[in-house]
Amino acid sequence: EAGVAQSPRYKIIEKRQSVAFWCNPISGHATLYWYQQILGQGPKLLIQFQNNGVVDDSQLPKDRFSAERLKGVDSTLKIQPAKLEDSAVYLCASSGGFSGNTIYFGEGSWLTVV
Amino acid sequence: GQNIDQPTEMTATEGAIVQINCTYQTSGFNGLFWYQQHAGEAPTFLSYNVLDGLEEKGRFSSFLSRSKGYSYLLLKELQMKDSASYLCAARSGGSYIPTFGRGTSLIVHP
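Residue numbers (the numbering used here), protein chains in the order written: chain A, 1 to 114; chain B, 1 to 110.
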């Protein structure tokens, strides 16, 4: 079974530039999460989708971050404009349902803002 | 709000047993995860507890006490490859949103 796919793996951009990350969850998984993990900290939830609907985006900095999952399968997370403090790993995860007892993570997209 | 607390760092000797504790304060609790994360890699699933008690899975066991807001991960027969960060995550609310702690960095030495 293929895991959660993310791209790009690494990205370096200058502050005020934009960046987009892509995620393809495990086939059939209805719930998709985007987490931000700053070095030395645990993952922080940015947004949770159930199919193509948003379940929770209360911690998403909406002035600069946006995410979509238009067809209920793959998803994109965009940052525009980027700030230095956005340097982090952006982890995508999926589960069979929001009450599923296993959440699978992708390898992450490493962002460095300089 | 939610609060997940776990020790920042622990060290242990190869072959020994170590217990990593996690306390949580959350409304509408409905499950607790443990994940292992090696440096530079994604978190990998270890266990999920929703009922009180101990669940054993090979060298790893996880315990939950809902009344105390407490969980622990027990690692037996430690190996060098167990050196990693161990993340506790409590799930809550009608949306079953998982909130992660900062992680416990475990260092296993010979």
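Just so you know, the hints here were simulated from the structure itself, not pulled from any lab data. A hint or two may mislead.
Unchecked claim - Computed list of lysine-lysine pairs in DSS-like fashion (alpha-carbon distance at most 30 Å, straight line): (1) A/K11 to B/K76; (2) A/K44 to B/K57; (3) A/K44 to B/K81; (4) B/K57 to A/K62.
Stated by the list, open to error - So these bits of chain A aren't anywhere near chain B, every CB distance computed over 10 Å: (5) E14; (6) R16; (7) G40; (8) G42; (9) D56; (10) D86.
Cβ coordinates follow ideal geometry from the N, Cα and C atoms, glycine included.
Next item on the list: Would you assess whether A/E14, listed as outside the interface, keeps its beta-carbon beyond 10 Å of every beta-carbon in chain B?
Entry: holds (24 Å)
Next item on the list: Starting from A/K44, check that the Cα of B/K81 is at most 30 Å away, please.
Entry: Distance ~26 Å between A/K44 and B/K81 Cα, so the pair holds.
Next item on the list: Please settle this one: A/R16 was flagged as non-interface, so is its CB more than 10 Å from every CB on chain B?
Entry: holds (27 Å)
Item checked: Whether A/D56 stays farther than 10 Å from all C-beta atoms of chain B, as the label says -> Non-interface label on A/D56 violated, nearest chain B Cβ at 5 Å vs cutoff 10 Å.
Item checked: Non-interface claim for A/G42, where every Cβ of chain B lies beyond 10 Å -> violated (4 Å)
Checklist line | Check on A/G40 being off the interface with chain B, judged by Cβ distance over 10 Å | finding: violated (8 Å)
Note to self: Beyond 10 Å on every Cβ pair: is that true for A/D86 relative to chain B?
What the structure shows: holds (19 Å)
Next item on the list: Given the hint that B/K57 pairs with A/K62, test it: the Cα-Cα distance must not exceed 30 Å.
Entry: violated (41 Å)
Notebook entry, point to check: Do the alpha carbons of A/K44 and B/K57 lie within 30 Å of each other, as the hint requires?
Noted result: Satisfied, since the Cα-Cα distance of roughly 27 Å is no more than 30 Å.
Item checked: Agreement of A/K11 and B/K76 with the hint, judged by alpha carbon distance not exceeding 30 Å -> Outside the cut-off at roughly 38 Å; violated.
When the structure is compared with the earlier hints, violations turn up for hints 1, 4, 7, 8, 9 and for no others.
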